[in-house]
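K.L.:
Sequence:
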Amino acid sequence: MKMTGAKMVVESLHQEGVEVVFGYPGGAIMNVYDEIYKQNYFQHILNRHEQASIIAAEGYARATGKTGVAIVTSGPGFTNAVTGLADAYMDSIPLVVISGQVPTTIIGTDGFQEIDAVGISRPCTKHNYLVNKIEDLPRIIKEAFHIASTGRPGPVHVDIPKDITAQVAEFIYPQEINLPTYKPTFNYNKKQLKRAMEAISNAKKPLLYVGGGAILSNCGFEIRELAKKLNIPAVETLMARGVMGDQNPLFFGMLGMHGEFAANMAAYETDLLISLGARFDDRVTGRLDEFASKAKVIHVDIDPTSIAKLVVPDYPIVGDLRITVKAMIEAISEYEFNDYSNWVELLKDYREKEPLRYIDSNEVIKPQWPIERVGKLLGSKAIISTDVGQHQMWTAQFYPFSYPRQWITSGGLGTMGFGLPAAMGVARAIKGTDKVSINFTGDGSILMNIQELMTCVEYELPVINIVLNNNYLGMVRQWQTMFYENRLSETDLTAQPNFKMLVEAFGGLGYRVTTKEEFDAALKDAVEQKRPAMIEVVVARHEEVLPMVPNGHALNEMTLIEGGK
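Under numbering that gives the first Met the number 0, the first residue of the sequence shown carries the number 0, and numbering increases by one thereafter.
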């Protein structure tokens, strides 16, 4: 069948089973939007900013495991999208982002709204394309979805000149992919797996170090089973929260800069670190030469470039994490393992000695309290998104996550403004279920994509934004207090809008609470009404995120909280 390039885009998305597209139209992509108007294959959600389109597609992808899709126009439309691309790239989130481009005859002439989108996106995408011939368009889109979702996932960018979308050619959507230079390694090396299992059997203090790859590979069940069968304790990175489940007796918390004492001490004392889909990020390791310095290292990752990038493992295994961990479980019967009970008990003692805690108050709401409260009232029913800052760390510490993909946050890039559009993508992903999309945010972050409240209202996406308002850029203020002799340079946010009136102006529900009783009532009402909402919680201004490993220090050199909850 012959059709225009614009219709090919729509038909290709249909062939890929796309359910929802986030985006924003403009001149260079107008032909595609004309075809979107005519189709009924998928829902298009009109964001109010292109950055939010990409992040909403991310939220959808993170919550479902599917490939998110966004469409933007050329020039400023694309440059607005770059932050979202970079965010997805850092956290390995599968996206296909389609951008319009000026006609091929104008490329390179500084035409209206022309920008070298492919050049700009190259450092922050897994792969990118500039479509030069209409005949290549179906193949390129097929390849884009394949590359985005296989191997180590990531965003793929497809830039389409406007004249290509207007041309007509035969539409043949390929059924197979032929990419000779792209062959991800899925199956582990059997000899390396055997060496790793022998190392585990000889270890006295093995530790599972679980990273975001466990979420991406849908490996949560297998990792829990491996830990249980061998009685090996586990810790999670920020991106892996929910893999083990917080009630699991072998789970000892998040490790890293704001990690739990028991988790950081486990990494300090282990004699065999078993890294499963983690990348030894600087916020996890602290001082690198002291990280797990007593341990041999097993590193399992689908991306060979992640192995030995920062820490040279003794037992490297390249392969799909789920396939590899399944094989480890199957191989257990072939080996004899030590009894790790004393090791587990030692970590339990550490947790009892220094549990996560804060000093609560009846005079003012401490910012940790609403997080714990939502966890108690909604628990596994809530899918939790966050922005970036103190509230993000408190949520990672104090929310009781019970399963993978319950936790949606910006890890590698640390994008303020992430929370609301991501939670919007989550709300679309869970539509029709009994789940609730919650966004914990700060009074700084929420204003960075506040316009998306209008999108939530228009498309009836009932995101509940909980703004922990301390009238500061909290995390920067904390560093200024601790390391810059309290010189609070440009972090005071006393001048802020009336958040209740602001959300109401968009057509949502607004609440401002100063007591715990008011918070409970507001949350109950927001959940029952199933409308976009914002609960502004006035919290203690000078609360710190602790424990904390200062820059340049080892994980066992934590600053701990004094006193108790």
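Heads up, a few of these hints could be off.
Capping the alpha-carbon separation at 30 angstroms, the derived lysine-lysine pairs in DSS-like fashion look like this [claimed, not checked]: (1) K434 x K529; (2) K65 x K132; (3) K203 x K182; (4) K193 x K203; (5) K182 x K141; (6) K380 x K308; (7) K352 x K228; (8) K308 x K325; (9) K189 x K347; (10) K141 x K193; (11) K375 x K515; (12) K434 x K227; (13) K189 x K365; (14) K203 x K308.
What follows is a list of derived Cβ distance ranges for each label pair [to be verified]: (15) M29 x T558: 46 to 56 angstroms; (16) L287 x E561: 24 to 34 angstroms; (17) N39 x L376: 51 to 61 angstroms; (18) G16 x W478: 39 to 49 angstroms.
Because the hints were derived from the structure by calculation, they are not lab data.
Glycine is no exception: its CB is placed at the ideal position from the N, C-alpha and C atoms.
K.L.:
Taking the hints in turn, state whether each one holds.
P.N.:
Checked hints:
1. K434 x K529: It holds: about 11 angstroms lies between the C-alpha atoms, which stays within 30 angstroms.
2. K65 x K132: holds, 28 angstroms
3. K203 x K182: The hint is violated at about 37 angstroms.
4. K193 x K203: holds, 18 angstroms
5. K182 x K141: holds, 16 angstroms
6. K380 x K308: violated, 38 angstroms
7. K352 x K228: holds, 27 angstroms
8. K308 x K325: Cα-Cα ~25 angstroms, so holds.
9. K189 x K347: Violated, at roughly 34 angstroms.
10. K141 x K193: violated, 37 angstroms
11. K375 x K515: Distance ~13 angstroms between K375 and K515 Cα, so the pair holds.
12. K434 x K227: Between K434 and K227 the Cα gap is close to 29 angstroms, so the pair holds against 30 angstroms.
13. K189 x K365: violated, 51 angstroms
14. K203 x K308: Holds - the C-alpha atoms of K308 and K203 are around 27 angstroms apart, at most 30 angstroms.
15. M29 x T558: 46 to 56 angstroms: holds, 55 angstroms
16. L287 x E561: 24 to 34 angstroms: holds, 29 angstroms
17. N39 x L376: 51 to 61 angstroms: violated, 39 angstroms
18. G16 x W478: 39 to 49 angstroms: holds, 45 angstroms
Taken one by one, the earlier hints fail for this structure at numbers 3, 6, 9, 10, 13 and 17, listed in ascending order.
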